[in-house]
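K.L.:
The chain contents come next:
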Amino acid sequence: MKVMRAREWAFPIAPVRREVRRATPELDEGKPPVLFVPGFGHGAWVFAEHWLEHTADRGFPAYAVSLRGHGDSAKAPKATLRAYAHDVAQVAASLPRRAVIVGHGAGALVTAHALARYPARAAVLLSPVFGGAGTALRNPMLSLPALFGGGLRLPAGQLFSRELPANAARGYAARLGRASTRAQWQLLRGRTPQPPVGDPPVLVVGSPDDRIVSDTALRRVARGYGGAPLLFPGMGHDLMLDTRWREPIDAILDWLEKSA
Amino acid sequence: MTYSAGYGDPESGGPATAWRDGWPVYDRSGTVCVIGAGPSGLTAMKNLKEQGFGVDCYERDTSVGGAWNWRHDRSPVYASTHLISSKPFSQFPDFPMPDSWPDYPKHSQVLEYLEHYADHFDLKPHIWFGTEVVKVEPAEGERWDVTTRSTGGYGGERIHRYAAVVIANGHNWSPKRPEYEGLEDFKGEVIHAAQFKDAAQLRNKKVLVIGAGNTGCDIAVEAAQQAARCWHSTRRGYWYTPKYTLGRPADQVNDLMLWLKLPLRARQFLAHRTLKSTVGDLTRFGLPKPDHKIYETHTIVNSQLVYYLGHGAVSPVGDVARFHRNSVELKGGEVIEPDLVVLATGYHPSFDFIDGNLLGVDASGRPRLAMHAFPKRQPTLAVAGLLQPDSGLFPLVHWQMVAFARMLRVREAAPAKAVAVQRRLEAELDRRWTTAKVKDSTRHWFEISHTTYLKAIQRLLDELSLEGAK
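Each protein sequence line maps, in turn, to chains A and B. FYI, in my numbering the residues of the first sequence are 753 to 1012. FYI, in my numbering the residues of the second sequence are 94 to 563.
In case anyone wonders, no lab produced these hints; they're calculated from the structure. Note that the structure is predicted; figures quoted are calculated from it, not measured. Watch out, some of these pointers could steer you wrong.
If you want the footprint, here are the derived chain B segments under chain A, 3+ residues with CB under 8 Å [stated by the list, open to error]:
#1 318–327
#2 345–351
#3 452–460
#4 545–552
The calculated lysine-lysine pairs, modelled on BS3-like cross-linking and capped at a C-alpha distance of 30 Å, are [claimed, not checked]:
#5 B:Lys-354 / B:Lys-299
#6 A:Lys-783 / B:Lys-217
#7 A:Lys-754 / B:Lys-469
#8 A:Lys-754 / B:Lys-336
#9 B:Lys-269 / B:Lys-510
#10 A:Lys-830 / B:Lys-336
#11 A:Lys-754 / B:Lys-217
Pulled from the structure, derived: some chain A residues nowhere near chain B, Cβ distances all over 12 Å [to be verified]:
#12 Pro-784
#13 Asp-809
#14 Pro-829
#15 Lys-830
#16 Thr-832
#17 His-838
#18 Gln-842
#19 Ala-851
#20 Gly-884
#21 Ala-908
#22 Ala-926
#23 Gly-942
#24 Ala-974
#25 Glu-999
#26 Asp-1006
Even for Gly, the Cβ is constructed at its ideal location relative to N, Cα and C.
Kindly produce the complete structure, drawing on both the sequences and the hints.
P.N.:
So this is what it looks like as C-alpha cells:
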C-alpha cells in the first residue's frame, strides 16, 4: 500500500464535466450500485445500449461514466491514465453506497488503477487490456499508429463476433472515439497498477475468441487477482454490444449476488 | 465479509457472561468499540469493518461529524470556518471530495462529506447515538469493559466487553483557558473561541483577540470586518502563509518541493524567499519577528490577516500582562479598553473515562503514546486523530486506523510478529514526528509533519504485512 503520494498531492487532477448515464430500479432493494467503465474510444453509451437497463431490472442501481475526452464528457486531449482513474473514483465515491466497478477493455486497466484509490465492494474486469508489449505485438496493425500519436484502430471486425449484423456493427464502430495520445502511450508501456485497497473480490470475464485480448493475456490478468477467467466462447471483444450480450451480464450479476 | 460477532444491537448480545462490581457484563466477543463518531471515529469504523471486524460506536450526540457538526454543543466551528489545507490533503485517501468543490472547502461541506462517508460505507447501523462512554476498564485477556449510559445520565449504565477500543473523542472541545491576574474582576465580556459562533457577536464592539493560532487569526479577521476596533494579542512572532502562492494552493507547492526531494534547509530557504517577496516583512506592521524558521511550528495559513493589518483594521499588540476592572494592561505597559475578549487559546485533549496511567498521562495531562496513537503495553487500545499536523488530519487518521486494524489482525494470525512490532513501537515512544525542531509548548507537543509521520506509517504497514506469513 502506497501511503506517500507527494506527486499526486502536488498535482491534483483538473476537474472536468463528466457524462454519467444511469438506470435505477423501481424498488430499492438495497443492492449495491454498479458502475460501468468503458474502454478507450468507447463512451457510456456502449453500456446504455443493453446492460444498464438490464442491470437495473435485476435490482442493481446502474451507472456508466464516460472517461474524460470520451462520449459526452468534456474534451481532454492530454489526459493521463491517472486522470481517467480519477474520473472513475470520483463517480464511484459520489454514489449513495459503496459501489461495484465493472471496467471493459483498457477501461479495465483504468478500473484497476481506480481500485488502488477507492475501496470498491467488488470489481469485474471485462476483456481486460492491461497493455504492455504483448498487447501491442498481438495487434500490431491496431497499435502501430498509436506509437506515432494516432488513435488505436478499432475496426468492427476486431470488436464484434460475426453473429452481430454487419450494419449494426458498422453503426457502433462509427460512434467510437479515441483516447488521448498520452494515455495510449501509458497503456502500451503497461505499468502494473498498485494493489487494490479494501481487498475487493475481483472477477475476470472474457472470450477465448476475442481478437484483441488473447486467452493467455486473459488468464494472466485473472491469475494476478487469484482466480481464473469466466469465458464466453464465440463472443467478440465488446461483450456488451454483441448479439448474446445477455449471457455475460447475467453471469456477472449472479456472481455479485453471491460475493458482494 | 465475516463478522466475529453479531452485527447490530449490542444489547442483544445474549445473557451476561461475566460480572463487574455486581453489574452484568455483556460479552461482545471479537467486536471493537469506537468512542466517538467524528471524522476519526468514522474512519476507524470503516477501516475496522473493511478488515473484517465487528464494530460498535458510541456517540454522545445525535448525529455524526463530531467537531465538524455545528449542531453539536461541543463543536468549535463558527459560521466562517473553512479548511486550511487544500483538498488533496484534507480528504480520506480512498474517498475523494467532489471535483465541484473549491480548493478549500467550507465547514458545512466537510460535514456533508462526513455524512456521505458514513452512508456510503454503511456505518450508521453500528453507531449508538445519544450514548456516552462513562468508563473504559481493562478486562482479562487484554480486552476492555466499556460502561455506557444515555447522554446526560438518564437511564441505567450498561457494561459491554470488547476485544479492542479506539478512543476517538476528539481534542478540540475542552477549552484551554490561560490564567491572568485580575481576570475575575474584569467587567467586560470574556469568551473562549469555542463560544464564538457568528461574526454578529463582534459587531460594533471593541474586541481583543488573544492567541495567534489559526482560530485566533480567523477571528481577528472577522473582527476587522465587523467590530468597532480590533486588537490582536500574540506572544511571539509567527509565519503567516497565504493560502495561495505561485498560483496554486500553498500546501501543494510545499509538497511539490517534497516530491522533488529538496532537503529541509532548501525548502526553508525557498519558503522564506517566497514569503518575503509576497507577504513581505511583517515587522513593518508592528508584529514581532518570528523567533524560529518556517516549518518549525505549524504555520498560520491566513491570507486575510496581513491585508487587514495593512488597512489598520487589526492592531497587533503584545502579550497581556493583567486585567483591570475596565481595561487590559499589556506587557509593554500600554492599556487598552476592550468590551469583548476572545480567548483563542486552544483546547486540551481530555480522556476522563479512562485511567490516565493506561495512556501514560503525565502531570501536565499529556499522554505518552507511540506515534501519538498507541499506548505502551496496551496492544488492543488506540487513540485516533490526536495529531496537530502541518496539513489535513483526515488522511493521517485514516492510515493510523488502517495500521491499527491490521495490527489486530496480525495479533490473531502471527502473535509473535505482533509482539515484535509492538516492542519496536514502544522503543520509539518519545519520538517526535517532525522534520524541524519544534518549539516546546503545550500547544505543540502533538504537532507533526505529515511527511515524516506518513513515512513512519508506511514502515509500520510494511512490517504488518501478512504476505508470506499466511
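K.L.:
For every hint, state whether the structure bears it out.
P.N.:
Checked hints:
Under the rule that three or more residues need a Cβ within less than 8 Å of chain A, the assignment of the segment 318–327 of chain B is violated, with 0 such residues. With 5 residues carrying a beta carbon less than 8 Å from a beta carbon of chain A, the segment 345–351 of chain B meets the three-residue requirement, and the given coverage holds. Beta-carbon proximity to chain A at under 8 Å applies to 0 residues in the segment 452–460 of chain B; the threshold of 3 is not reached and the given coverage is violated. Coverage of the segment 545–552 of chain B by chain A holds in this model, with 4 residues showing a Cβ closer than 8 Å to a Cβ of that chain against a need of three.
Of the pairs offered as hints, the one joining B:Lys-354 and B:Lys-299 is violated, with about 48 Å between alpha carbons and a cut-off of 30 Å exceeded. With a CA separation close to 17 Å, the supplied pair A:Lys-783 and B:Lys-217 stays within the 30 Å bound. Taken as a hint, the A:Lys-754 and B:Lys-469 pair is honoured in the structure, with Cα atoms around 27 Å apart against an allowance of 30 Å. Proximity of A:Lys-754 to B:Lys-336 is assessed by CA-CA distance (about 27 Å); at most 30 Å being required, the pair is judged to hold.
At roughly 41 Å between alpha-carbon atoms, B:Lys-269 and B:Lys-510 are farther apart than 30 Å, so this suggested pair is violated. With a CA separation close to 28 Å, the supplied pair A:Lys-830 and B:Lys-336 stays within the 30 Å bound. The straight-line distance between the Cα atoms of A:Lys-754 and B:Lys-217 is roughly 29 Å, inside the 30 Å bound, and the hint therefore holds. A:Pro-784, annotated as away from the interface, has a beta carbon of chain B within 12 Å; the closest lies near 10 Å.
Against the 12 Å criterion, A:Asp-809 stays outside the reach of chain B, whose nearest CB is about 24 Å from its own CB. No beta-carbon of chain B comes within 12 Å of the beta-carbon of A:Pro-829; the shortest separation is about 19 Å. No Cβ of chain B comes within 12 Å of the Cβ of A:Lys-830; the nearest lies about 17 Å off, and the non-interface call holds. With a least CB separation of 16 Å from chain B, A:Thr-832 remains clear of the 12 Å interface cut-off, as annotated.
A beta-carbon of chain B comes within 12 Å of the beta-carbon of A:His-838; the shortest separation is about 8 Å. The claim that A:Gln-842 is not at the interface with chain B is violated, since a C-beta of that chain comes within 12 Å of its own (minimum 6 Å). At roughly 9 Å from the closest C-beta of chain B, the C-beta of A:Ala-851 falls inside 12 Å, breaking its exclusion from the interface. Consistency note on A:Gly-884: stated as away from chain B, and its beta-carbon is indeed over 12 Å from all of that chain's, at 24 Å minimum.
With a least beta-carbon separation of about 35 Å from chain B, A:Ala-908 lies farther than 12 Å from that chain, consistent with its non-interface assignment. Against the 12 Å criterion, A:Ala-926 stays outside the reach of chain B, whose nearest CB is about 31 Å from its own CB. A cut-off of 12 Å between C-beta atoms confirms that A:Gly-942 is not in contact with chain B; the least separation is 23 Å. Distance check for A:Ala-974 against chain B: the nearest CB is about 20 Å away, which clears 12 Å, and the non-interface claim stands.
Against the 12 Å criterion, A:Glu-999 stays outside the reach of chain B, whose nearest CB is about 29 Å from its own CB. Every CB of chain B is more than 12 Å from the CB of A:Asp-1006 (nearest about 19 Å), matching its label as outside the interface.
Comparing the model with each numbered hint stated earlier shows that hints 1, 3, 5, 9, 12, 17, 18, 19 do not hold.
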